[in-house]
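Given chain B's structure and the hints, the job is docking chain G onto it.
Protein chains in written order, with this note's numbering: chain B, 1 to 108; chain G, 109 to 231.
The hints are simulated quantities; they were obtained by calculation from the structure and are not laboratory data.
Since this is a predicted model, take the numbers as computed values, not measurements.
Ideal Cβ placement from N, Cα and C applies to all residues, glycine included.
Do not take every clue at face value.
[Stated by the list, open to error] Negatives, chain G to chain B, calculated, CB over 10 Å:
id, residue
1, S127
2, P150
3, L155
4, T196
[Unchecked claim] Restraint-style ranges between C-beta atoms, simulated for each label pair:
id, chain 1, residue 1, chain 2, residue 2, range
5, B, S77, G, G139, 36 to 42 Å
6, G, S172, B, T70, 21 to 27 Å
7, B, R46, G, S136, 21 to 27 Å
8, G, S180, B, P81, 38 to 44 Å
9, B, Q43, G, T196, 23 to 29 Å
10, G, L141, B, T70, 29 to 35 Å
[Stated by the list, open to error] No more than 27 Å apart at the CA atoms, straight line, and that leaves these computed lysine-lysine pairs for DSS-like:
id, chain 1, residue 1, chain 2, residue 2
11, G, K121, G, K153
12, B, K104, G, K153
13, G, K174, G, K121
14, B, K30, B, K108
15, G, K153, G, K174
16, B, K30, G, K153
17, B, K108, G, K174
18, B, K40, G, K153
19, G, K174, B, K30
20, B, K104, B, K40
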Amino acid sequence: EIVLTQSPGTLSLSPGARATLSCRASHSVKSSYLAWYQQKLGQAPRLLIYGASSRAIGIPDRFSGSGSGTDFTLTISRLEPQDFAVYYCQQYGTSPLTFGGGTKVEIK
Amino acid sequence: QRHLQESGPGLVKPSETLSLTCTVSGGSISGSLYFWAWVRQPPGKSLEWIGSVYENGSVSYYPSLKNRVTLSVDTSMNQFSLNLRSVTAADTAVYYCAKHADFWSVDNWFDRWGQGTLVAVSS
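Extracted from the complex, chain B is given alone in its bound form (with noise of 0.2 Å):
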């Protein structure tokens, strides 16, 4: 199984910042077969980003993802307010599909 490790457990910035999201797997993942979700409290995850760097419909290009191998980056370039949240990153190229433990975006 492949363990997901995500970093900062908690980034506290303020609106208009920069963010930058980590995720380092315990093996390579196949093919850059990462995708990311956003999750506000109460509600789903939402599909952001794909492939490790394709952007799902509708995300803003604000939200970019990168990476291969064992790390990969999420960056969100300018924090919007509607951004503060929390983020996983989940691999799908080797069963069993596993998750992160997350980072929680919060206002600084």
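For chain G alone, coordinates are given in the frame of chain B:
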């Protein structure tokens, strides 16, 4: 756009079976070529994939749950279901149904999610 909705009891006694159904609207499960999944999230914790089922009944399960889980699909009702046996307090979670994004395979991401339903295991 497909819409997914979970339904089932919100409280289950320890050692009993947790049963949930996901109803899909806005598109048919039959002929969709997608796998359909269950994901759970214990309070305050991360997400855990439980398993996925195809329209023909083919399944894939998370290994540590495999001995207690059964997923099934009812194409006539456009629903798929989760049965989790011998539950304990550790199975208390919000249970989400979700749709895989790519055809024919479990090895892909989730592009549609239900709103989730909280199931508590308690006597």
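Results for each hint:
1. S127: With a cut-off of 10 Å, S127 (chain G) remains clear of chain B, as the shortest Cβ separation is near 20 Å.
2. P150: Label holds. Min Cβ-Cβ 12 Å, cutoff 10 Å.
3. L155: violated, 4 Å
4. T196: The claim stands: T196 (chain G) keeps its Cβ more than 10 Å from every Cβ of chain B (closest is about 20 Å).
5. B:S77 with G:G139: 36 to 42 Å: About 40 Å separates the Cβ atoms of S77 (chain B) and G139 (chain G), which means 36 to 42 Å holds.
6. G:S172 with B:T70: 21 to 27 Å: holds, 23 Å
7. B:R46 with G:S136: 21 to 27 Å: Since the Cβ atoms of R46 (chain B) and S136 (chain G) sit about 24 Å apart, the hinted range of 21 to 27 Å holds.
8. G:S180 with B:P81: 38 to 44 Å: Cβ of S180 (chain G) to Cβ of P81 (chain B): about 42 Å, so the range 38 to 44 Å holds.
9. B:Q43 with G:T196: 23 to 29 Å: holds, 27 Å
10. G:L141 with B:T70: 29 to 35 Å: Since the Cβ atoms of L141 (chain G) and T70 (chain B) sit about 31 Å apart, the hinted range of 29 to 35 Å holds.
11. G:K121 with G:K153: Holds: K121 (chain G) and K153 (chain G) sit about 22 Å apart, inside 27 Å.
12. B:K104 with G:K153: Holds. K104 (chain B) to K153 (chain G) sits at ~12 Å (cutoff 27 Å).
13. G:K174 with G:K121: Judged against 27 Å, a Cα distance of about 20 Å means the pair holds.
14. B:K30 with B:K108: violated, 36 Å
15. G:K153 with G:K174: holds, 21 Å
16. B:K30 with G:K153: Answer holds: K30 (chain B) to K153 (chain G) is near 26 Å, not above 27 Å.
17. B:K108 with G:K174: Given that 27 Å is the threshold and the Cα spacing comes to 42 Å, the pair is violated.
18. B:K40 with G:K153: Holds. K40 (chain B) to K153 (chain G) sits at ~13 Å (cutoff 27 Å).
19. G:K174 with B:K30: holds, 24 Å
20. B:K104 with B:K40: holds, 10 Å
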